[in-house]
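Trainee: Take a look at the letters that make up each chain.
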Amino acid sequence: MNFRLITAFFLAFGLWLTVAQTTGHAQVQTSSDQVILTHSRLQHIIDRHWSDSTATGAGKFQAGITVDSLRDMINEAVHNGQARRNTHGRPGTIYEYDFQRQIGTTIDGGPATRLRVVVSNRNEVITAFPF
Amino acid sequence: MHLDYRLSEDRETDWSSVTEEDLRYRVALGNLVFRVGDKDFSADWGWIPLVDLAASFAEIVRKLEAGSASETFEFTESDAWVRFEKKGEKVLVSTSYGEGVGEIALHSASEAVKSFRERLRSELVRKHPQAAHNTAVKNLLGAV
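Keeping their order, the protein sequence lines are chains S and H.
Each step along the first sequence adds one to the number in my numbering, with nothing skipped, and position 48 is 48.
Heads up: take any position in the second sequence, counting from 1, add 1000, and you land on my numbering.
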């Protein structure tokens, strides 16, 4: 393979990363075992599951959890959690991971230590919540 | 078995372009009205994706009719669930969030789910005519 071809490859890869970072992906990943959290899905999680959310019947993250720590928790759950197919024809995969410490509250208000992450077939996070 | 819904107001969705993922998680949200005998398993959380629930319940009934002994519906934004266990021609219904166990004939459950799907589809198409031509809506709720 000649030098120009290799240079062109790296230039194209760098350009792709730059474009991806400016087109709504809160997290840009380059390998297939990592997931993408878009701004709209992040907003969905904040609206539904943040500690100050008024949504009923949904698990809530503990106060103090930041967007960055949420991303870290999602990646940890996807890498180390138990995976299963989404249920009853829903697209994607469910990952569940027990952090062995409280990360939020269940729908009854009790302590939640586990995180469920739903990931689409395009490797994008659909939702994530503690339980 | 009384199976019904309350659809939340929605003026933002472009029904010509909604996808299956939208319908499964983000669109046509509302409350579930669900009574089996004297047991009330309704959920007034406001965020339940009703098209997803209709499609999932329909698949659950199909599986029970095909011989499955037990099927569990999982809500999309919590670990809450509804379990259907077949006992002969009857189905026992229990939930993670309500007390007790309800009992219903399998054919009655099937009719209630079919009616739920049809009513939901009619209301969506009446309120959002573009939904009638949307492939994902047809796939999940059936064509006219």
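Be careful, since some hints might not be right.
[Claimed, not checked] Some chain S residues judged to face chain H by a derived CB distance under 8 Å, without partners named:
| hint | residue |
| --- | --- |
| 1 | Thr56 |
| 2 | Gly57 |
| 3 | Gln62 |
| 4 | Ala63 |
| 5 | Arg84 |
| 6 | Arg85 |
| 7 | Gly89 |
| 8 | Arg90 |
| 9 | Pro91 |
| 10 | Thr93 |
| 11 | Ile107 |
| 12 | Gly110 |
| 13 | Pro111 |
| 14 | Ile126 |
| 15 | Thr127 |
Derived from the structure by calculation, the hints contain no laboratory data.
No residue lacks a Cβ here, since even glycine has one placed at the ideal position from N, Cα and C.
Trainee: Against this structure, judge whether each hint is valid.
Mentor: A quick look at each hint next to the structure:
no.: 1; hint: Thr56; in the structure: holds (5 Å)
no.: 2; hint: Gly57; in the structure: holds (3 Å)
no.: 3; hint: Gln62; in the structure: violated (16 Å)
no.: 4; hint: Ala63; in the structure: violated (19 Å)
no.: 5; hint: Arg84; in the structure: violated (11 Å)
no.: 6; hint: Arg85; in the structure: violated (12 Å)
no.: 7; hint: Gly89; in the structure: holds (6 Å)
no.: 8; hint: Arg90; in the structure: holds (5 Å)
no.: 9; hint: Pro91; in the structure: holds (6 Å)
no.: 10; hint: Thr93; in the structure: violated (13 Å)
no.: 11; hint: Ile107; in the structure: holds (5 Å)
no.: 12; hint: Gly110; in the structure: violated (11 Å)
no.: 13; hint: Pro111; in the structure: violated (13 Å)
no.: 14; hint: Ile126; in the structure: holds (6 Å)
no.: 15; hint: Thr127; in the structure: holds (6 Å)
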